[in-house]
Structures are given as C-alpha cells and as structure tokens.
Amino acid sequence: EKPGKSYGWWQRTIKPSPNQMGRGHRERYVETLVVADKMMVSYHGRRDIEQYILAVMNI
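Just so we're aligned: 33 in the working numbering is position 33 of the sequence shown, and the numbers increase by one with no gaps anywhere.
Rather than coming from a laboratory, the hints here were simulated on the basis of the structure. Just so you know, even glycine gets a beta-carbon here, dropped at the ideal spot from N, CA and C. A portion of the hints provided could be inaccurate.
To be verified - For each label pair, taking beta carbons as the anchor points, the in silico distance ranges come out as:
id: 1; residue 1: I49; residue 2: R26; range: 32 to 38 angstroms
id: 2; residue 1: G8; residue 2: V35; range: 39 to 45 angstroms
id: 3; residue 1: N58; residue 2: E27; range: 18 to 24 angstroms
id: 4; residue 1: R47; residue 2: G8; range: 36 to 42 angstroms
id: 5; residue 1: E50; residue 2: Q11; range: 29 to 35 angstroms
id: 6; residue 1: E27; residue 2: D48; range: 29 to 35 angstroms
id: 7; residue 1: H25; residue 2: E50; range: 31 to 37 angstroms
id: 8; residue 1: R26; residue 2: R47; range: 25 to 31 angstroms
id: 9; residue 1: V30; residue 2: E50; range: 18 to 24 angstroms
id: 10; residue 1: H44; residue 2: G8; range: 31 to 37 angstroms
id: 11; residue 1: Q51; residue 2: E27; range: 37 to 43 angstroms
id: 12; residue 1: R28; residue 2: L54; range: 20 to 26 angstroms
id: 13; residue 1: E27; residue 2: V56; range: 34 to 40 angstroms
With the hints as extra help, turn the sequences into a complete structure.
Put into structure tokens, the structure is as follows:
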C-alpha cells in the first residue's frame, strides 16, 4: 500500500508470492451470506436444499 492512500476493506490483499510480484496481480475475496427461508426449504425439501443452494452459488 502506498503511504497516504486509503484502501477499503475490499482492497486489502495478502502478500503476493514471488512469481506474482511485479505483475500487478492482487488476490481479492468476496464473503457471501446465503439464507434459505422456510418456503424455499419446503419447496426443495430439507434433504435437497443444500445441493440446490450450492448449485445456484456455482452460477
């Protein structure tokens, strides 16, 4: 990070590996919260809801 420049939480990076240095490569992450309400669980079924949510998140 450059002195005097403020970065947001989404721009924080981990230390790059030696093969990434000098390329301008930055790793970034996205945190996601997934919620299924009662209606969604009743429609897809308690056994299959996890598989459905994982499939949707994979899109």
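Evaluated hints:
1. I49 <-> R26: 32 to 38 angstroms: holds (35 angstroms)
2. G8 <-> V35: 39 to 45 angstroms: violated (25 angstroms)
3. N58 <-> E27: 18 to 24 angstroms: holds (20 angstroms)
4. R47 <-> G8: 36 to 42 angstroms: holds (40 angstroms)
5. E50 <-> Q11: 29 to 35 angstroms: holds (32 angstroms)
6. E27 <-> D48: 29 to 35 angstroms: holds (34 angstroms)
7. H25 <-> E50: 31 to 37 angstroms: Given a distance of about 34 angstroms, which is inside 31 to 37 angstroms, the answer is holds.
8. R26 <-> R47: 25 to 31 angstroms: violated (40 angstroms)
9. V30 <-> E50: 18 to 24 angstroms: At 20 angstroms between Cβs, range holds.
10. H44 <-> G8: 31 to 37 angstroms: holds (36 angstroms)
11. Q51 <-> E27: 37 to 43 angstroms: violated (29 angstroms)
12. R28 <-> L54: 20 to 26 angstroms: holds (22 angstroms)
13. E27 <-> V56: 34 to 40 angstroms: Cβ of E27 to Cβ of V56: about 25 angstroms, so the range 34 to 40 angstroms is violated.
The structure is inconsistent with the numbered hints 2, 8, 11, 13, although it conforms to all the rest.
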